Amino acid sequence: MFNNLIFIILFMLGFYALVMKTNLIKNVIGLNIMEAAVFFWVISFSDVGGEVSIHKLGEEVTKFNDPVPQALTLTGIVIGASTAALLLTLIIELNKFSGTIDREKIEGLND
Amino acid sequence: MDIKILFLILVPLATAFLIPFIDLINAKLRRFFVLLGILLESYLIISIIINNFQSLKKGDFFLQYYLGGWQPPIGISLAMDGLSLLFAVITALSLFLIVIYSIGYIGHHEGKYYVLYFLITAASMGVVLTADIFNIYVFIEMLTITSGALIGFKRSQEASAAAIKYLIYNVLAGLLFFLGVLLIYFNLGTLNMADISRNFASLKSGIQLFISAIFLTAILIKMGIFPFLFWLPKSYDTAPSPVTAVLSGVLSKVYLYIFIRIFWTVIGFETLVSLNLDILLLNLALVSSFLGHLFALQSNNIKRLLGYSSIGHIGMILAVIMLNTDAGFYGGLLHIISHMFMKAGLFVACGYLLQYTRSHAYRDFKGVGIRNRSVFIAFILLLLSMIGMPPLLGFASKWYVLMAFLESGSYFGAFIVIFGSLTAVIYYLRYIAKGFEEVKLTEADLKEEIFSRPLLSVLYREKIVSFITYAYTAIIVGFGLGFRFFDLPLRMSIKSVMDVEKYIELVLGG
Numbered sequence: 001m002f003n004n005l006i007f008i009i010l011f012m013l014g015f016y017a018l019v020m021k022t023n024l025i026k027n028v029i030g031l032n033i034m035e036a037a038v039f040f041w042v043i044s045f046s047d048v049g050g051e052v053s054i055h056k057l058g059e060e061v062t063k064f065n066d067p068v069p070q071a072l073t074l075t076g077i078v079i080g081a082s083t084a085a086l087l088l089t090l091i092i093e094l095n096k097f098s099g100t101i102d103r104e105k106i107e108g109l110n111d
Numbered sequence: 001m002d003i004k005i006l007f008l009i010l011v012p013l014a015t016a017f018l019i020p021f022i023d024l025i026n027a028k029l030r031r032f033f034v035l036l037g038i039l040l041e042s043y044l045i046i047s048i049i050i051n052n053f054q055s056l057k058k059g060d061f062f063l064q065y066y067l068g069g070w071q072p073p074i075g076i077s078l079a080m081d082g083l084s085l086l087f088a089v090i091t092a093l094s095l096f097l098i099v100i101y102s103i104g105y106i107g108h109h110e111g112k113y114y115v116l117y118f119l120i121t122a123a124s125m126g127v128v129l130t131a132d133i134f135n136i137y138v139f140i141e142m143l144t145i146t147s148g149a150l151i152g153f154k155r156s157q158e159a160s161a162a163a164i165k166y167l168i169y170n171v172l173a174g175l176l177f178f179l180g181v182l183l184i185y186f187n188l189g190t191l192n193m194a195d196i197s198r199n200f201a202s203l204k205s206g207i208q209l210f211i212s213a214i215f216l217t218a219i220l221i222k223m224g225i226f227p228f229l230f231w232l233p234k235s236y237d238t239a240p241s242p243v244t245a246v247l248s249g250v251l252s253k254v255y256l257y258i259f260i261r262i263f264w265t266v267i268g269f270e271t272l273v274s275l276n277l278d279i280l281l282l283n284l285a286l287v288s289s290f291l292g293h294l295f296a297l298q299s300n301n302i303k304r305l306l307g308y309s310s311i312g313h314i315g316m317i318l319a320v321i322m323l324n325t326d327a328g329f330y331g332g333l334l335h336i337i338s339h340m341f342m343k344a345g346l347f348v349a350c351g352y353l354l355q356y357t358r359s360h361a362y363r364d365f366k367g368v369g370i371r372n373r374s375v376f377i378a379f380i381l382l383l384l385s386m387i388g389m390p391p392l393l394g395f396a397s398k399w400y401v402l403m404a405f406l407e408s409g410s411y412f413g414a415f416i417v418i419f420g421s422l423t424a425v426i427y428y429l430r431y432i433a434k435g436f437e438e439v440k441l442t443e444a445d446l447k448e449e450i451f452s453r454p455l456l457s458v459l460y461r462e463k464i465v466s467f468i469t470y471a472y473t474a475i476i477v478g479f480g481l482g483f484r485f486f487d488l489p490l491r492m493s494i495k496s497v498m499d500v501e502k503y504i505e506l507v508l509g510g
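Taken in order, these protein sequences are the chains called A and B. If you read the first sequence in the UniProt record's numbering, its first letter stands for residue 1, the second for the next number, and so on. If you read the second sequence in the UniProt record's numbering, its first letter stands for residue 1, the second for the next number, and so on.
Keep in mind that the hints were calculated from the coordinates and are not lab data. All of these numbers come straight from a predicted model, not from anything done at the bench. Any given hint could be a false lead.
To be verified - Computed from the model, here is a short list of chain A residues facing chain B with C-beta under 8 Å: (1) PHE2; (2) LEU74; (3) THR75; (4) GLU93.
Ideal Cβ positions, reconstructed from N, Cα and C, are used throughout, including at glycine.
Assemble the whole structure, with the sequences as input and the hints as a guide.
This is how it looks when you write it as structure tokens:
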């Protein structure tokens, strides 16, 4: 249950930063915290206290962690990193034109 | 086993990764490779259709490819049934017309543009072909990243702002989709769509509701349906015209495909009915359609207006599909096809017409029609098709949608279809009239105009751009007269949507 609690707290924290903060970089950080919360939940949920699922032939294993959620989460992390990179690039671009990264002051983001 | 469907994804992907290297060697070769990629992809699709013509006629068309030789449900497989084939053909056709248009339209940073464009092509092919739900997530995120980069392609303040807005909404939707996929995996232990579909009904109804709600929210954000429609018009407005044509003509249809696949094949419509989500969705879609047309009435910007009208049409398509009748699917899929060509054609024509104007605003639309008569006539034909004038394709599809609503007694839906057409008459006729208004230009104005439109100053570019506009108009008029042509593919796709058991058997039995 502990991991669910942390997941909810992190997710809400990220959502707070995304919605309530007006600094665009803080928004992106919030988005990343939300992603991290989901990944954390997935990994901790799939952890059944077993071994790593890489074994030599003939070795006896009674209990091992499912590798599929870990692989999926890796894909998710890569996608999250690339979207964050693209968003930050666009924010730098925006800063060049408008001189600010406060979304309340930028025309086109404040409606 | 047919390796051709793997190459449908690989060819655009390879083209996308080759173009930067070609640029290093000789930038003039780039367009040659773009055309080569298109031709190869078309050859693959046409050869798939010709080789399987008999099974297409019989209605048992199905192709599958196991990636790495692993059989489903353990391995990932690519599967192509009637619905996938229909969507693959129309998205490919639309994307190819737009890439030829882009050759004329995009004047700077062409190399980067084609890389992103071919990644969109690969990702939309991947979404349409895959039989694995996590693959759908990966390809959706590919679509999000590449289309976000293309929206910000103009490198102005508005473009960057619109791209940031688009990306934040869509990344959030992607995150929800990821959560949904993982929830399915934790509960069922599989990612293969057919395998999930077989076991989904055995879950507790609380978990079913949670998973359906998460997928629903994710896809509704992506499509821009009612509660989440506010990011859409801005990004349609600021993106370059061919990109807007892709966003509205292709991406929204790909998301509709995902919607149909997930809620008919994977989760199952019976589950939606038992969770009481179907009525809610039908009404949401209709409200979204209503609001889209209403916002379009007050819009003073031609591209934003077309964006709002897109919201209206997507809502209408979603509503008519939600009826879950054969007639509903017939009308919905036909309207998907016709809206795809009409909207893409309109944005393509807009890209030509708006070269002459200072902004996309209504007041700057003055006199546009007088200076480019033939393109403006094509534009008017496309607008009339959007309204639903009889000999054009828009009429045929709207007619079937209306009949489907009346047949299942959804009078609110029928009202929305007619309301949409009536408001469309008002907000389009305004622009047509403005376009024919006389405008007096001084010598200085003309000089400024020539400098402000460097893209179309080269003759062959203007030729290409106007040719594609005419091609879209020809498609609308031609298929409007012969819309019976779509009868066979539509029946085939409806069969593959409705017969979930057969899909499961074909994918798993291979």
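Evaluation of the provided hints:
1. For A/PHE2, the suggested interface contact is broken, since its CB lies about 17 Å from the closest CB of chain B, more than 8 Å.
2. Contact between A/LEU74 and chain B, as hinted, is not supported at the beta carbon level, the nearest pair being about 12 Å apart and thus beyond 8 Å.
3. Taken as an interface hint, A/THR75 checks out: its beta carbon lies about 6 Å from the nearest beta carbon of chain B, inside 8 Å.
4. The restraint placing A/GLU93 at the interface with chain B holds, with a minimum CB-CB distance near 5 Å, inside the 8 Å limit.
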